[in-house]
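**Q** Protein sequence lines correspond, in order, to chains Y and A. Mind the numbering: the first sequence is residues 69 to 147 in the working numbering, read in order. Mind the numbering: the second sequence is residues 586 to 727 in the working numbering, read in order.
All the pointers check out, no bait thrown in.
Within a straight-line C-alpha distance of at most 20 angstroms, the following computed SDA-like cross-link-like pairs (lysine to any residue) qualify:
(1) A/LYS701 x Y/ALA116
(2) Y/LYS71 x A/GLY639
(3) A/LYS722 x A/GLY668
(4) A/LYS701 x Y/TYR125
(5) A/LYS722 x Y/PRO143
(6) A/LYS722 x A/VAL629
(7) A/LYS701 x Y/PRO142
(8) A/LYS701 x Y/SER77
(9) A/LYS722 x Y/TYR125
(10) A/LYS701 x Y/PRO143
(11) A/LYS722 x Y/SER77
(12) A/LYS722 x Y/ARG81
(13) A/LYS687 x A/GLY611
(14) A/LYS722 x Y/ALA116
(15) A/LYS722 x Y/MET118
(16) A/LYS701 x Y/HIS124
(17) A/LYS722 x Y/PRO142
(18) Y/LYS71 x Y/LEU87
(19) A/LYS701 x A/GLY726
(20) A/LYS701 x Y/VAL117
(21) Y/LYS71 x A/PRO638
(22) A/LYS722 x Y/ASP115
(23) A/LYS701 x Y/GLN123
(24) A/LYS701 x A/VAL667
(25) A/LYS701 x A/MET586
Hints are computed from structural coordinates only; laboratory data are not their basis.
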Amino acid sequence: MLKIHFFASLRERTGHATLTDTGPLPCSAAVLWERLQTQFDAPIAQDAVMVAVNQHYTDWQHALQDGDEVAFFPPVTGG
Amino acid sequence: MVTLHEQDFDPWALIQAHQNTLRGYGAMASFVGSMRDFNEGDTVTAMHLEHYPGMTQAQLEEIVQDGMQRWSLLGCRVAHRVGDITPEQPIVLTACWSAHRKEAFEACRYLMEALKSRAPFWKREQLIDGTQRWVEKNTPGY
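Chain Y on its own, in the form it takes in the complex (with noise of 0.2 angstroms):
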């Protein structure tokens, strides 16, 4: 089981703070992504989106794992 949470304004285009996905594991966070189009409000694609597992930034052939905390988000724009 993964809990995944989406921040800012893929927050609000997604319609999810958070969301527990229980598909097949090991798999990439890209597949993650496709997989997860079926709940949003409209598809998104990849283009600027940013990837963090466990809350350290990795890229999209990450590998997934059980228990996994995965978080998409737009660039960031603090300081």
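Here the structure of chain Y is known, so what remains is to put chain A in place on it, guided by the hints.
**A** Only chain A this time, still in chain Y's reference frame:
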């Protein structure tokens, strides 16, 4: 030392308090970023700073550790606001102490630019006409 603040904070007091814990310094360089009341030609009346609790703190601490490894520093102080903020309030502080100015200047700049590109914060602006919008990217620092 890294802290997040849900209320307005005084960067100068944080600098002084951190300096009081240090010995042997001959230089301190600091950067304070404050909220502007304009962006992209529009008047901005307020802003909300969202972040990713946990990851934010970890990223900021990692950036400080990177700076401490790259330069010979005696200390670093990083502070960042979260939540609702109004123009002129400080958003961010980066400060570095070293024996000589070169390390403090360079490390302070590094901490700020690394924070801008890596720390998971997002700004949502409130405009004078009542509408809100997300800031989509930071302005280049160099």
